[in-house]
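Student: One-letter residues, chain by chain:
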Amino acid sequence: MTNLTVWVLLLPLLGFIFLGLFGKALPRPGVLTIAWGASGLAFVFAAVGFLSMLHVTPDSARMSDQVIYTWVNSGTVGTGVLTNNVPLNISFGLLLDPLSATMLLVVTGVGFLIHIYSAGYMEEDEGFWRFFAYLNFFIFAMVLLVSADNFLFLLVGWALVGLASFLLIGFWFTRRSAVAAARKALIINIIGDFGLMIAIFLIFQHYQTLNYLNNGTTTGVFNQVVAGGVPTAITTAICLLLFVACAAKSAQLPLYMWLPDAMEGPTPVSALIHAATMVTAGVYLVARANPLFQVSPAALITVAIIGGATALFAATIALFQLDIKRVLAYSTISQLGYMFMAEGAQNYTAGVFHLTTHAYFKALLFLGAGSVIHALGGEQDMRQMGGLRHRMKITFWTFLLAALAISGVIPFAGFWSKDEIVGSLLARATSGGGTLFYVLWAVALLTAGLTAFYMFRLVFGIFFGSYRGSGPLSHAHGAEDEEEEHHAVRGGFYAIYESRSIMTTPLVILAVLSVIGGLVGSWALFGKPGWQPLANFLSPVFSNSAWTGVPFHPAELSLSMDWLSTGISLGVAGLGILAAWLVYRRGFTYKESQNPLYQLVLHKYYIDELCTAAIINPLLWLGRTATSLLEGGLLDGGSRGIGWVTSRVSGGLRRLQTGYMRNYALAILLGAVLLIIYYAVVRG
Amino acid sequence: MHELPISWYLIVSALLFSIGVVGVLVRRNPLTIFMSIELMLNAVNLSFITFSRYLNSVDGQMFVFLVLTVAAAEVVVGLAIIVSIFRTRRNINVDEMNILRG
Amino acid sequence: MSISVDTPTFIAFFVLAVATIAAGLGVIAFKNAVHSALSLILTLLFLALFYLQLGAMFIAIVQVLIYAGAIMVLFLFVVTMLASEDTGDVTEPARQPWQRGIAATLGFLLIAGLSYLLFTGASIDSAAVVQPTNVNGLAAGIAAYGGNTEAFGMALFHGFSFPFEITSLLIVVALLGAMVLGRKS
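Residue numbers (the working numbering), protein chains in the order written: chain A, 1 to 684; chain B, 1001 to 1102; chain C, 2001 to 2185.
In isolation and in its complexed conformation, chain A is listed as follows (with noise of 0.2 Å):
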């Protein structure tokens, strides 16, 4: 098989770094030539690399190493578990196996589609060069992320992915919310960073290597697990530390808060990084460290908890939300529960399933409402809209397939990973997993309903009743300070016009996607269980015993009980639908209630005024009180005490010197009678 990931790597670098010299000076179509060249070409050098290995007949062949540098080849590790000295070894190299494969895949395709998206809706912004130079960044750091083969460089894109979500949350860095936010949500990475050095550095005093599999001479880190020798509980802090990276990156509970406000950027921006790749690096940290995850019991369960819980924090939020771009972000975040919450009941596959399906459905969503965001010159928010699809078809369209998708209507893709998920919790639960994951069971059917629920309330908001609002804004939009938008002029309903096909065919190509894109899951539920495309690729990667020796297969299910649950989670989501239209059908009119519970959910549970009051204020306080007590008091303090001391004393000293002849006289008589008593009582 044809390992092409350094070209996938090579060549958004390679733009990102042309577009970022000489961007400026280059004119439209040049820039994009650059930008759609560099993404197109990495998703063609992915494919071929997936194509590639999709006829490769052992399992356990399915993969390959590519050290591309070696950077340091010496000395020797302590023993540690293996009980002969080994070689430190850090390599730079690149892994192609089914895992890396499909997220490859996922990256390159969605990045492509989106950075074609983007020439239309950032086709008024000065920064346009800088957008697809941040954008071919974004696309570099994420495949150096998944292709990575060792731990060091997956820190590296992890690190580099999260510079690029700040550079592009602040991209109208002239706004101060956007500045705001995107410090915000670069601050709370950094917390995950840190989960992830210390996870590492405890990986390297146990393992005494990074990489992830055998590589020349050093034994992987995964192969070591399997030998066993390294206590539970390491690897189960191993694990939680790696979880609280994921946490951070994929907006879990409790790091969650920087999702939302991530929504000041530009919205393709919200589409291929909150939506569908880069908070999914979590995701792919977790599958990826799956052998650790599997021998830390304690962990995975962690896991689930978290990822369940998150998932229906995160949906009760949404259910209130009036701001388009932040409820399809607390739907990110719970459906990233989701895929937490399979891979915690150990059915990877699941996960990274519903990764790839959720990809393409976000994504849609996400550039949906930005076409409408972009018809209405910058309105976001849902009680200025109504109406629209008699306007816009296609984003209509489009749009409600996307939301058919997501809320687990049959047979969109969204119900196929959904379901997936929902039957390997059952799984779990009903083979050992205890009254934990029926509970988690159930939390994942109430939050399908929510998940129906909410958004069709989006959908019959956005695209139903009457038109709300007064006509879309004539300028160009987010760019200016906010004030301006309320002095421009406003035109009519029949103002709105449909987007350019420049902007519409990636959501008819995602649409498609959306549609087709399940079909790839399990079909056991419908007689044919061998027939499981997606998960007998990507099963070396979960259960090879020859890789990781770790003989895994995630619990199945009985066919009745498969039955139960899938008509149990697509009944919750007609519930959900019918509710929504119930409400909502004749439009969204909207009357802030004063109950206070509604209050609360609408006000996000106040978590952020509560991390500003227990968190911010002390912080800034301690700086405060440290600058005026060390730097005021201490030092400055401190020198010019020494100043005044020295002063003092010199003017006390000075008094000595009266000028008076006799009292000098005076002090000569007083040694030499002291010195005489001396003599007299010491010596005498």
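One thing to keep in mind: the hints can contain errors.
List time: in silico EDC-like cross-link candidates among lysine to aspartate or glutamate, alpha-carbon distance up to 20 Å [claimed, not checked]:
id: 1; chain 1: C; residue 1: Lys2031; chain 2: B; residue 2: Glu1003
id: 2; chain 1: A; residue 1: Lys24; chain 2: A; residue 2: Glu124
id: 3; chain 1: A; residue 1: Lys24; chain 2: A; residue 2: Glu126
id: 4; chain 1: C; residue 1: Lys2031; chain 2: B; residue 2: Glu1096
id: 5; chain 1: A; residue 1: Lys393; chain 2: A; residue 2: Glu556
id: 6; chain 1: A; residue 1: Lys184; chain 2: A; residue 2: Asp608
Source of the hints: derived by calculation from the structure; they are not laboratory data.
Position chains B and C relative to chain A; hints supplied.
Tutor: The following block gives chains B and C in isolation, referenced to the frame of chain A:
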């Protein structure tokens, strides 16, 4: 001939010396201070002669001889200074001469 | 300490001692500078008598001639020259009145300490005091050269000629200094 104990002579010398010291500290006329200093020198001369006698050595007397000479020279220069101060200030109270102060 | 000495020496010493100390007190006690100078002359004369009792005839005469005769005359010159002006002793009170008390205390302490040391120190005849065995042995010199002055002279020009020459240099320097300082400029 029986001698007196040496310490008697030395006590006299010490007494004279102390008297001279107190004189230096108490008087304000610089000439009187100078005279007290001469008194101290003479007390020390007495000590030297005493030791010369009791230790059977001529060194003590030699020392006194030289001290005498140096005292003469010192008196000459000191009085010249006092006179020149008097010329400029018209007042030789040591309490008035306190310009060299901190 | 037992006094094993004949009475005339003892009386002579005692009278001289009292007189010298009285004259010394007079130097510092008189308000008038001329009286202090005269008191100092008396002290010098009594000290010369002491020297005679101690057998240093040459020094005694030299003291009278030079110290009492030349140096004190110089003093008296300057005292009487400046006496016509205000010397400050009588008219103004002292600037630092506490000085007198402290000076008296310290003087007393000085005397007390010295007396204590002198009375309890090693006696000159004890074995702890090393007797000099130099060729300038006074008794030997007196016996050899026939008297104190001759012995002194022989020692001066045979052993101490270098300090002698240096002292003459010193006198020249003092002379020059006095001339420079005394000029009216």
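Student: Need the status of pair Lys393 of chain A, Glu556 of chain A: alpha-carbon distance at most 20 Å?
Tutor: Violated, because 43 Å separates the two Cα atoms, which is more than 20 Å.
Student: Holds or violated: Lys184 of chain A and Asp608 of chain A, Cα atoms, limit 20 Å.
Tutor: holds, 11 Å
Student: Is the hinted pair Lys2031 of chain C and Glu1003 of chain B satisfied, with a Cα-Cα distance of at most 20 Å?
Tutor: violated, 39 Å
Student: Taking 20 Å as the top limit, are the C-alpha atoms of Lys24 of chain A and Glu126 of chain A close enough?
Tutor: Within the cut-off at roughly 10 Å; holds.
Student: Holds or violated: Lys24 of chain A and Glu124 of chain A, Cα atoms, limit 20 Å.
Tutor: holds, 15 Å
Student: Is the Cα-Cα distance between Lys2031 of chain C and Glu1096 of chain B 20 Å or less?
Tutor: holds, 18 Å
Consistency with the previously given hints fails for numbers 1 and 5, ordered from lowest to highest.
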